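Engineer: Sequence:
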Amino acid sequence: MGSKVKVTATIDPDIICAIDSYLKKTKNRSRSKFIEDILRSWYIEQKKAEIEKRIEEYYLSLSEDEKKEDKEWTRIAAESSKSFWE
Numbered sequence: 001m002g003s004k005v006k007v008t009a010t011i012d013p014d015i016i017c018a019i020d021s022y023l024k025k026t027k028n029r030s031r032s033k034f035i036e037d038i039l040r041s042w043y044i045e046q047k048k049a050e051i052e053k054r055i056e057e058y059y060l061s062l063s064e065d066e067k068k069e070d071k072e073w074t075r076i077a078a079e080s081s082k083s084f085w086e
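So that you can map any letter, position 41 of the sequence shown is 41 in this note's numbering, and since no number is skipped, the others follow by simple counting.
Just so you know, not all the hints are guaranteed correct.
As the list claims (entries may be wrong) - Distance condition first, Cα-Cα at most 30 Å in a straight line; then the derived DSS-like pairs of lysine-lysine: (1) K33 / K47; (2) K33 / K6; (3) K48 / K27; (4) K47 / K6; (5) K67 / K47; (6) K53 / K67; (7) K6 / K25; (8) K47 / K27; (9) K24 / K4; (10) K71 / K82; (11) K6 / K27; (12) K48 / K67; (13) K82 / K67; (14) K6 / K24; (15) K47 / K4; (16) K82 / K68; (17) K53 / K68; (18) K48 / K33; (19) K27 / K4; (20) K6 / K48; (21) K4 / K33; (22) K47 / K71; (23) K48 / K4; (24) K4 / K25; (25) K71 / K53; (26) K68 / K48.
For the record, the hints were derived by calculation from the structure and aren't laboratory data. All values reported here derive from a predicted model rather than from experimental measurement.
Whole structure, please, built from the sequences with the hints as guidance.
Structural biologist: Take a look at the structure:
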């Protein structure tokens with residue numbers, strides 16, 4: 001990941017108070033780490049949303065024959081997993 005980049009942001013004082021109040025109740029006392037964790041969570045959610053969008057686009061692009069084949073593979077996989085767990 002390398003070294004970190006220092007940034008400056010202007011944030012509403014009420015938000016800073018809320019962050020500071022939260023940090024006093026936790027072991028994490030670093031605003032930087034707190035904000036980085038929030039941004040990392042946001043970034044991960046964005047990546048997940050992009051993957052979900054691509055999956056949806058894929059399934060919407062299937063022809064009727066491909067949809068039938070997919071349903072058949074789903075049925076086969078369900079039966080296989082069912083017998084595996086019994």
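Engineer: Does the structure keep K48 and K33 at a Cα separation of 30 Å or less?
Structural biologist: holds (22 Å)
Engineer: K6 and K27: Cα distance at most 30 Å?
Structural biologist: Since the Cα atoms of K6 and K27 sit roughly 23 Å apart, the hinted pair holds (cutoff 30 Å).
Engineer: Tell me if the straight-line CA distance from K67 to K47 falls inside 30 Å.
Structural biologist: OK: K67 and K47 at ~26 Å, within 30 Å.
Engineer: Given the proposed pairing of K47 with K4, does the C-alpha separation stay at or below 30 Å?
Structural biologist: holds (21 Å)
Engineer: Can you confirm whether the C-alpha distance between K47 and K27 stays at or below 30 Å?
Structural biologist: holds (29 Å)
Engineer: Measure nothing beyond the straight line between the CA atoms of K53 and K68; if it is 30 Å or shorter, mark the hint as holding.
Structural biologist: Holds, at about 21 Å.
Engineer: Is the Cα-Cα distance between K47 and K71 30 Å or less?
Structural biologist: holds (27 Å)
Engineer: Are K71 and K53 close enough, with their CA atoms no more than 30 Å apart?
Structural biologist: Within the cut-off at roughly 20 Å; holds.
Engineer: Given the proposed pairing of K82 with K68, does the C-alpha separation stay at or below 30 Å?
Structural biologist: Cα-Cα ~21 Å, so holds.
Engineer: Do the alpha carbons of K33 and K47 lie within 30 Å of each other, as the hint requires?
Structural biologist: The given pair, whose Cα atoms are some 21 Å apart, holds under the 30 Å limit.
Engineer: Taking only the CA atoms, is the gap from K71 to K82 under or equal to 30 Å?
Structural biologist: holds (16 Å)
Engineer: Has the given pair, K82 with K67, been kept, meaning a C-alpha gap of at most 30 Å?
Structural biologist: holds (22 Å)
Of the numbered hints given earlier, the model fails none.
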